[in-house]
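Engineer: Place chain B on chain A using the hints.
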Amino acid sequence: MTAQVGAVRAELGRHRPRFGEPAFRGLVVLASLTVLAIIAGLVVVIATTSMAGIAHNGIGFLWGTTWDPVHSVFGALPFIYGTLLTSITALILSMLIGVGVALFLVELAPSWLAGPLGFMIEMLAAIPSVVYGLWGIFVLAPWLRDYVEVPLHDTLGWLPFFSGYPIGIGNLAAVVVLTIMVLPTVAAVSRDVVSAVPGSQREAALALGATRWETIRMGVLPYARSGILGAGILGLARGVGETMAVTMVIGNSPTISLSFLAQGYTMASVIANEFTEATTNLYRSSLIEIGLLLLVVTLVINAAARLLVWRVAYTASSRSLAA
Amino acid sequence: MSGADGTLAGAARLPGAGIPPRVPGRNMARRRTTDRVMRALLGIAAVIAAVPLVLVLLYVLVQGLPALNLALLTQAPVPAGFPGGGVAPAVVGTLIMVGLGTLIGTPIAVLAGIYVREYAGGRGATLIRFLVDVLAGVPTIAIGLFAYGLVVVPMGSFSALAGAVALAVIIIPIVARITDEMLGLVPGSVREAAYALGIPPWKTIVRVVLPAASGGIVTGILLGVARIAGETAPLIFTALGNDRVSTALGEPMDALPLRIWVYASGPYDSWHAQAWAASLVLVFLVLAFSLLTRLALRRRGAART
Numbered sequence: 011m012t013a014q015v016g017a018v019r020a021e022l023g024r025h026r027p028r029f030g031e032p033a034f035r036g037l038v039v040l041a042s043l044t045v046l047a048i049i050a051g052l053v054v055v056i057a058t059t060s061m062a063g064i065a066h067n068g069i070g071f072l073w074g075t076t077w078d079p080v081h082s083v084f085g086a087l088p089f090i091y092g093t094l095l096t097s098i099t100a101l102i103l104s105m106l107i108g109v110g111v112a113l114f115l116v117e118l119a120p121s122w123l124a125g126p127l128g129f130m131i132e133m134l135a136a137i138p139s140v141v142y143g144l145w146g147i148f149v150l151a152p153w154l155r156d157y158v159e160v161p162l163h164d165t166l167g168w169l170p171f172f173s174g175y176p177i178g179i180g181n182l183a184a185v186v187v188l189t190i191m192v193l194p195t196v197a198a199v200s201r202d203v204v205s206a207v208p209g210s211q212r213e214a215a216l217a218l219g220a221t222r223w224e225t226i227r228m229g230v231l232p233y234a235r236s237g238i239l240g241a242g243i244l245g246l247a248r249g250v251g252e253t254m255a256v257t258m259v260i261g262n263s264p265t266i267s268l269s270f271l272a273q274g275y276t277m278a279s280v281i282a283n284e285f286t287e288a289t290t291n292l293y294r295s296s297l298i299e300i301g302l303l304l305l306v307v308t309l310v311i312n313a314a315a316r317l318l319v320w321r322v323a324y325t326a327s328s329r330s331l332a333a
Numbered sequence: 005m006s007g008a009d010g011t012l013a014g015a016a017r018l019p020g021a022g023i024p025p026r027v028p029g030r031n032m033a034r035r036r037t038t039d040r041v042m043r044a045l046l047g048i049a050a051v052i053a054a055v056p057l058v059l060v061l062l063y064v065l066v067q068g069l070p071a072l073n074l075a076l077l078t079q080a081p082v083p084a085g086f087p088g089g090g091v092a093p094a095v096v097g098t099l100i101m102v103g104l105g106t107l108i109g110t111p112i113a114v115l116a117g118i119y120v121r122e123y124a125g126g127r128g129a130t131l132i133r134f135l136v137d138v139l140a141g142v143p144t145i146a147i148g149l150f151a152y153g154l155v156v157v158p159m160g161s162f163s164a165l166a167g168a169v170a171l172a173v174i175i176i177p178i179v180a181r182i183t184d185e186m187l188g189l190v191p192g193s194v195r196e197a198a199y200a201l202g203i204p205p206w207k208t209i210v211r212v213v214l215p216a217a218s219g220g221i222v223t224g225i226l227l228g229v230a231r232i233a234g235e236t237a238p239l240i241f242t243a244l245g246n247d248r249v250s251t252a253l254g255e256p257m258d259a260l261p262l263r264i265w266v267y268a269s270g271p272y273d274s275w276h277a278q279a280w281a282a283s284l285v286l287v288f289l290v291l292a293f294s295l296l297t298r299l300a301l302r303r304r305g306a307a308r309t
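Protein chains in written order, with my numbering: chain A, 11 to 333; chain B, 5 to 309.
Since the hints were made in silico from the structure, they are not lab data. This one's a predicted model, so the numbers in the text were calculated from it and none came from an experiment. Don't take every hint at face value.
What the hints assert, rightly or not - Here are the simulated distance ranges between beta carbons:
1. A:175 / B:140: 55 to 61 angstroms
2. A:218 / B:200: 49 to 55 angstroms
3. B:125 / A:50: 49 to 55 angstroms
4. B:30 / A:152: 35 to 41 angstroms
5. B:80 / A:122: 27 to 33 angstroms
6. A:47 / B:62: 31 to 37 angstroms
7. A:265 / B:78: 41 to 47 angstroms
8. B:77 / A:228: 36 to 42 angstroms
9. B:302 / A:75: 47 to 53 angstroms
10. A:122 / B:192: 31 to 37 angstroms
11. A:43 / B:80: 54 to 60 angstroms
12. B:83 / A:83: 56 to 62 angstroms
13. A:43 / B:202: 41 to 47 angstroms
14. A:122 / B:131: 39 to 45 angstroms
Note that the Cβ used here is the ideal one computed from N, Cα and C, for glycine as well.
So that you can see chain A by itself, here it is in the shape it has in the complex (with noise of 0.2 angstroms):
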């Protein structure tokens, strides 16, 4: 008896992990740390390669308007007013229609229905920006000129949002391909964030007797609202970092205008556009501080909108849970 004991004791030792099971655990760890490396890494790279351009432009680069390589002049003004201008007017569109059609998947649609509708806007998120960049430029662009901004041109032509010449590349026409392509992030986010809205929420609205879309507005919204919003910041995030699309149909050119009719430029679009133009040193090296910028500011969005998407997921399914 104490024989098998013992003979079992040794076969279990024989086995026992004395190699594996560490090195495995390495492994993994370490692959874990390539994340975090990866991402500290893209901030020190891309600060370390254009530190020619930060020390000869300095603070000043924030708020200069004249971008001017031939004449070393450098300000990122125009990139940054383009990007937000194109970012934010797109944010606010696909919001409406992004929110809107989360809403009609999780509230309204018959599942048949939300099913291939739901995979159709995950689709549109799978279409390379560089496609969508090609039909900007010879759909889109010549469509909005003759239907949308000959018009707006024509009536409304004495706003300074609409002044200008209508040649459809431009301000607009960036802002409709941002839309289309933010619009699946943040109708992505939004469904799940709606989704996650316990159901007696609703059933306690339908019981006082709520309409339909009482009970979105009463019961459903307020509790998704932040959630919301962080799908928005979500998109905002896309759409500053978003590079190709833009960069064929805004029009490139380093202006500050008011107008949607104008041709623009984005911080992404100038790196795009004129990097492997850049002849000097000093001017690849002002392209790549605008990269940083971007990098920093998309970082400080993303990091923002997930802990505020996680904390009402979070929230949202420990209440379920406890309901």
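Structural biologist: Coordinates of chain B only, in the frame set by chain A:
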């Protein structure tokens, strides 16, 4: 409780008690109208959201199909403005860089996913998940600049390797998140059964849990491949582009999205036609991958990616 008199006295003190009650029918009609209008607006939002997808796909198909032929995929570009030629360097380059990027990024992503789901405690898992989500949100053009500083500057030349590194960084958060989710779908009883047989945790993961989740992880990798195959911005200052078919990792290489960008921005009709045709190829690949993987994932019980 205090009887009819008490209730009435209480009601009289309430604000608005003196106002004559609204006609219930008219109020209800107003609410019904609002309800109908808002429901219609939500429906319209859904239609507006679906329209661009249909339009883009339609145009890519209609404009791309006439220029799509075998020469497009097998021949190198001819000098600008001349008819004929193809985008073979871009096809080869996309295959090589996407393949290499996937090879570099996937192991890191899967291992990080395993750490998050199987090893990390609550706080560690939350931290890494958060970092993965943040990395997923970094603009791809910034990732391109990162690869430029990391690979192109030290090597002294634009290269396919730098492009592959950029694509690897982009695929990591996609695959890590899916691995994490797929491992979460493997029931705990499977792990317990393995532990009961005296199998150490790491072997349980490698031999039991991973195989159980492998289908979902593979579809996740394909989803990531579809995503990086369409990336342009990170390749501009890493792979740069190339007019000739190149397989050298240390030299500039072409890619389909890069070629579409160059041709779309150029002045020649033959370029535009080829840009549409190349887009058709790219969109078909990307959509087919996404469609298949999403359907497979849905069957697997994961609602979303």
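Engineer: So, for every hint listed, does it hold in this structure?
Structural biologist: For each hint, the structure was consulted:
| no. | hint | result |
| --- | --- | --- |
| 1 | A:175 / B:140: 55 to 61 angstroms | 40 angstroms, violated |
| 2 | A:218 / B:200: 49 to 55 angstroms | 53 angstroms, holds |
| 3 | B:125 / A:50: 49 to 55 angstroms | 22 angstroms, violated |
| 4 | B:30 / A:152: 35 to 41 angstroms | 50 angstroms, violated |
| 5 | B:80 / A:122: 27 to 33 angstroms | 49 angstroms, violated |
| 6 | A:47 / B:62: 31 to 37 angstroms | 44 angstroms, violated |
| 7 | A:265 / B:78: 41 to 47 angstroms | 44 angstroms, holds |
| 8 | B:77 / A:228: 36 to 42 angstroms | 57 angstroms, violated |
| 9 | B:302 / A:75: 47 to 53 angstroms | 50 angstroms, holds |
| 10 | A:122 / B:192: 31 to 37 angstroms | 35 angstroms, holds |
| 11 | A:43 / B:80: 54 to 60 angstroms | 43 angstroms, violated |
| 12 | B:83 / A:83: 56 to 62 angstroms | 37 angstroms, violated |
| 13 | A:43 / B:202: 41 to 47 angstroms | 31 angstroms, violated |
| 14 | A:122 / B:131: 39 to 45 angstroms | 41 angstroms, holds |
Taken one by one, the earlier hints fail for this structure at numbers 1, 3, 4, 5, 6, 8, 11, 12, 13, listed in ascending order.
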